[in-house]
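K.L.:
Residue numbers (this note's numbering), protein chains in the order written: chain A, 1 to 406; chain B, 407 to 853; chain C, 854 to 1438.
Just so you know, these hints were derived from the structure itself, not from any lab. We treat Cβ as the ideally placed atom computed from N, Cα and C, and that holds for glycine. Careful, some of the hints might be misleading.
Here are the simulated lysine-lysine pairs, DSS-like style, with alpha carbons at most 30 angstroms apart [claimed, not checked]:
(1) C/K926 with B/K780
(2) B/K819 with A/K211
(3) C/K1400 with C/K1370
Under 8 angstroms between C-beta atoms, here's a sample of chain B residues computed to sit facing chain A [stated by the list, open to error]:
(4) G541
(5) D662
(6) L708
(7) I758
(8) S761
(9) L763
(10) N768
(11) G771
(12) A817
(13) L825
(14) H842
(15) L846
What follows is each chain in one-letter form.
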Amino acid sequence: MTTRRQFLSTAAGSTALVGLAAGVPDYLLAACHQTIAEKTDRILVVIQLSGGNDGINTVIPYADPEYYKNRFTLAVGKNAVQKIDDHCGFHPSMSGFAKLLEENRIAVINGVGYPNPNRSHFDSMDLWHTAHRRNVQTPTGWLGRFFDQQKTKARDLPGVHLGREDQPLALAGEKVHVPTMQSLDDFRLRLGNRRQLKKLMEDNVKVKRDKNNELLTFVQANTVSAIQTSSRVEEILGKYKTKAQYPQTGLGRKLATVAQLIGSNLKTNVYYVTLDGFDTHANQAQAHAGLLTELSDAVKTFMDDLKDQGNDKRTLAFVFSEFGRRVRENASHGTDHGAAAPAFMISGSIQSGTHGKYPSLTDLLEDDLKHNVDYRSLYATILEKWFKTKSKPILGKQYKTMKLFS
Amino acid sequence: MKMDDPKSAWKQADVKNWTKRHVAHLYRRAGFAATPDELKSGQKLGLEKCVDRLFNVETTKFDSMMKKMGATLLAARETRSLSAWWLYRMRFTPDQLLEKMTLFWHGHFATSAAKVNSADAMLDQNRILRNNALGKFEKMVSAIARDPAMLIYLDSQENRKTRPNENFARELMELFCLESGNYTETDIKQMARCFTGWEIRRKKFRFNPYQHDNGVKKFLSQSGNFGGEDAIKIVLAQAAAPRFIAKKLYRFFIADEPTPSPEMLEPLAQEIRKSNFDMGKTVRKILLSNIFYSKQSIGKKLRSPVEFAVGLKRALGASVNLNELANRLEQLGQLPFYPPNVAGWEGGRKWINSSTLLGRANLVGDLVRNNNTKWADSNLAVWLRKQNAARPEQAVDSLLELLVAVPIPGAAKSKLVRLAEKRGVKSHDAVADLIHAISLLPEFQLS
Amino acid sequence: MRWVPRTLCAIVTCLATLQAISVSAQQTQNSAVHLFPKQSVAVLSVSEPSALIETILEHPIRQSVEDIEDVKKAMKSTQFRQLNVARRVLEYQLEMKWNEAVGQLTHHGLYAAFDPSSNGFAVIAHAKNKSTLNSLVEKLVELMNDSKKMGIDAKIKKSNYRGLTTYEVQNAAIALLGDKLLIASNKKIGKDIADRFLDKTKDSIAHQSHFKASQKLLRGKSAARLFVDLKLLKSNKQLAKAINNKTENIAVELLAGGILSNIQKADYAVSNLYVDKDKLRISAATPHNAKWVSKPREFYFGPKGQGVAPNLLLPSKQMFSITSYRDIAGLWLAKEDLFEEKHIAELAQADSQFSTLFSGLDFGEEILGALKPGVQIIGSLQDFSKLKTPKPDIKLPAFAAVFQLKDPKKIQQRFKVGFQSVIGFTNIALSQQGQPQLDMETEKSKDAKIVTTTYMSDDASDKGLINYNFSPSVAFVGDYFIISSTDQLARELVQIARKGGTKTAKNTNSAINIDGKALNKILADNRDSLVAQQMLEEGLDEKTAAKRIDVFLKLLKHAKNASLDLQNHSDRLELNLELNLGDAK
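Just chain A, with the same shape it has in the complex (with noise of 0.2 angstroms):
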């Protein structure tokens, strides 16, 4: 049985390609490698936390007493949270996010909004997916703009959206579709035990054919690669068998997926999940204590993950709500709809710790918090500095990039 280090080792002319690699015609296998990741191939996973998190219970400001004086019953106790530096700590359930700050692997960027706030789920959620650029006939996704952006021949999928729901907005494009998948069996080619229709396959896959029909060309590159990315997928589902333990969590098991999909290495650069439930306007403890641990748990297993495989540098995860919550508690020991609130970036190649100033609890903007950084310049620093794509074109304006990769 190979190791996993012996399996990536031969990525490049992986297991799958060389079997297959014998008797491919030369136009081919060009067409091929280019559907398989480069070791500096970048990789986002965005998770989306829906229903709007209540961020100020998340990254807690213990140190400053306004806290205890809104939250009167959801405040937690000072020597319950898990200190990130003197002023704020995070939630005592999400120990898996400290611990991935003891390992610097996690940046905090506190007050990420944007002006005008919008405090409708729908309209919110819209115009993070579009990066503000919705009031048009086909509106597109930030993500989708960014594939649209792309320019590969033959690749596999740019993205791929894990979930039941239906897909996010940000992936829509306008020439790129990006599939939505429930688990790995979708990648898989059903044929059961026919070996021989298996080897039929790629045998006739491998005949020469007439070059002057670049349609059947286009196929049968299509083909070849879709057989490897089958076998890919089947090896990694045979062979590879991840050490982590995924928590049994709705989470859990997408970043799962996720973790064997990157695994499998496949030229996709942007994986989408969400996480819903976060919409919590009475009796918040518990649902929330509940909702940040499946988060902390899993983006953490899913980032020790990644390092095993050797990929935790090259992926970026990215977490995101639509909007925080009031900074008053309301009267049914909840919160209500608010403004701003941190996104997380997680990383081996993070800068780790607090990026930009924790919002005051005082100074507010309609009895919510304002932002101090625009989310549309955490997506330009995304492009531009993960990516290395121009930001401008797909953003509609150049927006400032913060420094978060080492």
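Take the given structure of chain A and dock chains B and C to it, following the hints.
P.N.:
Showing chains B and C alone in chain A's frame:
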């Protein structure tokens, strides 16, 4: 025979040796697929009669059954069941050409149920598309311009005197009739005024005279107090209009690429103009033309997901769970009634990537092996026997003729024959595997 | 005859070559069960197998079942046809119908047992008498000899055990024990039983005290009876773990929590089957002690296990009704003890959302806590002729949930306002989707307060909407709190509530009742939809699809009534499932 000369390209073809492959190609493009019986009878009829029998097909009984089924399904107001309903229609209709054209127009006048969110309205629009699919294009545009589903989709439920809806005017010219570059922004602004007063109230069209701008409008070199109908006439009178429609029909029927030159399209555009945008006559001309049966066309298109799935089912005589099929087609990128945006489905190479190829391969495998699939003959082996394809090599030939658009390399074919010889072709499973193996060939994706 | 399945031939051959041994004039008085191993974990007794078979074959429902497409397919399969041929050969040889043969062979019953200590399975057919058994056997010997001549050899080894002639086929063993025929799946269990027969030892399962006790649990006529040794079963670690684990979700806990507690402690269980042409009844019982129910599960049977299901409010067009004693507040408050972490977190989320509706009242303590233990859920046909709104195209039944309040005056207003909030949210959501909104009205009549909502419907395009099946309402009368999907049903239930409802039988913890006629009407009303769905699901044309649906509807017409009840006696728990069948009219 290379089709360099536009004039001869569109002349009626004189195919000396009219084979089953020609029939298969015709049905693949003009409909969804031919059954073995249709191949046999079609070959005997020859080119012209074969094309003729695609037109004016009797469907009254089928239509009333579909209407009843539609009404029942709609009782639950589920827009998703519409897709399954239409797939059922595509699979079982006696009139394939009409249904294929309806699908074409659905992509052209793209409207998505996701935004319109009214099964009634979507079904009504579908009816408009079908009723006018092979009729006069002007009538189609008129009807669509008033169609509630379309106007809701284009955010054009309102068109006021003080705020003419430019979006609607733009799409009318850019997407439906002329293509961009053939009008100016001023044309749009002016033409928009023609449609003021055209509204959708409570999901019904009405003309509101109080909102109508009665002034003189100047666009596309015309000037006058035009209403909406006049505007449509003017737009269609532009030289660009028939060329645009010709270009779209070329792509749909002849080839995905390369884009034809204006000279090549000119005879077809002239036919459109001469017949006053009669789509039936135009399509007939295409289906009879030299270029349709030339190397420029055969195997030069990629099957869309719907063509792929419905075509395969028709050819094999299979019936499946259509709700499930709808879900699969969504994953493959083409769910009827849910085009991705107002430009419809781009098609061509966009249909193909690793994920969709795997999806297609799995779709075929599941279709032929699923115990719930129903076959017209009791099973595939019986079906194959009826085609007098009892021996392995005959079976392979017969299947390739039926299912694959172009000849495959000898090396590939001999491997298939060897598989057929090893497993035989006397059991359902053996034939299923053979069909699955054929579907895994790159050539299978070609139309 | 090569196509006759080998195993069948083998068994036939076995029986055929059996020779009568030591003809004992005395008929042994002991039943077959008195021969089964001491540690049998399960014992099945069928007293009159051939009568049972006859009832099933002659049943009016048989034709309808055979019309089902899948059944038709199975009956055309090769295996079924082979079985038929074998049957005819046998009948020819025996000179009697197969059922008659079965009747003679099992005149005094058919018995089976499974013994984990020998990992063996044994079947005993208690024939009419020794001579009948012998003559049957002789005829089968002939058959086997004939088939041997034709080259079919079932490979049976004739042997001898302590004077008894035995036959071995692969691992299985067959022996003639007086007027009983024994078929054992392995030699170990075969020997155990044969020994007991020969030595007349009194250590069979039937002699054990727990078995004797179990036979007293259920009374009444039965065609078949099953005994299960739960204690022995629970010694299997995996099974024990499954039973003792926390339930995965709240629905399971509500349905079966108390039963699980009982199974954790009960040592055995029995089950009876009764069939006649009108009725099918299955009853199961375990011994019970109120102390066995853990404290967190007290919500299920009540304190000291004395909870009784509330009186049923039965509407005239009842389709189904469920009445059950459950202290839901108790369940909610004990959730930490009952569920896993993950589920508790999910419940906490739900708690949070519900509390919002009730302006911050604690969901578990104050809202659920306001309810008396006991809940009813009722489904009823609707009278669409009396609708004020347009008629819907798809016709659904009406549903209601009935609770009783501990302190009506205190909490009534809260619930009423909570209902208003729900309707408010719903109206906004409805308008966003372009659907008609609900108009609310409050009626006060004598001692009752009814809050009804009706869909507004002035838009012609809204005709036939499925929404018109619903006019959500709540009603308060006496200490009753009724939530209903239609105002019609709410009003009807209020009237019934005033009279007190139908008293539930003593010891009834929960009862479910389904009215077949009403169920049939609902399906018949929606036949067109069912046909359309069938067309899509199977890709059929209308005629074929309609035929299939009609076969299904006809089959259902046989079901007149179904009921399930859970009885909580001081010494036992009893679960009864009853299905009343009849002709398809």
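K.L.:
Can B/L846 be said to touch chain A, with a Cβ gap under 8 angstroms?
P.N.:
Interface hint status for B/L846: holds (4 angstroms vs cutoff 8 angstroms).
K.L.:
Holds or violated: are the alpha carbons of B/K819 and A/K211 at most 30 angstroms from each other?
P.N.:
holds (18 angstroms)
K.L.:
Min Cβ distance, B/S761 to chain A: is it shorter than 8 angstroms?
P.N.:
Cβ of B/S761 sits 5 angstroms from chain A, so the hint holds.
K.L.:
Should the hint that B/L825 touches chain A count as held when the rule is a Cβ pair under 8 angstroms?
P.N.:
holds (6 angstroms)
K.L.:
Double-check B/H842 for me: the hint is only fine if its C-beta lies closer than 8 angstroms to a C-beta in chain A.
P.N.:
holds (6 angstroms)
K.L.:
Can B/G541 be said to touch chain A, with a Cβ gap under 8 angstroms?
P.N.:
B/G541 check fails; min Cβ-Cβ to chain A is 28 angstroms, beyond 8 angstroms.
K.L.:
Using Cβ atoms only, decide whether B/L708 comes closer than 8 angstroms to chain A, and label the hint accordingly.
P.N.:
With a minimum Cβ separation of about 6 angstroms from chain A (threshold 8 angstroms), the hint on B/L708 holds.
K.L.:
Would the hint on B/N768 stand, with a C-beta cut-off of 8 angstroms toward chain A?
P.N.:
holds (5 angstroms)
K.L.:
Is the interface hint satisfied for B/A817? The criterion is a beta-carbon contact with chain A at less than 8 angstroms.
P.N.:
Holds. Min distance 5 angstroms.
K.L.:
Next item in the hint list is B/L763. Is there a CB on chain A closer than 8 angstroms to its CB?
P.N.:
holds (4 angstroms)
K.L.:
Going straight from one Cα to the other, do C/K1400 and C/K1370 come out at no more than 30 angstroms?
P.N.:
Holds: C/K1400 and C/K1370 sit about 21 angstroms apart, inside 30 angstroms.
K.L.:
Would the hint on B/G771 be counted as holding, given a Cβ-Cβ threshold of 8 angstroms to chain A?
P.N.:
holds (5 angstroms)
In terms of the numbered hints stated before, the structure departs from hint 4 and from no other.
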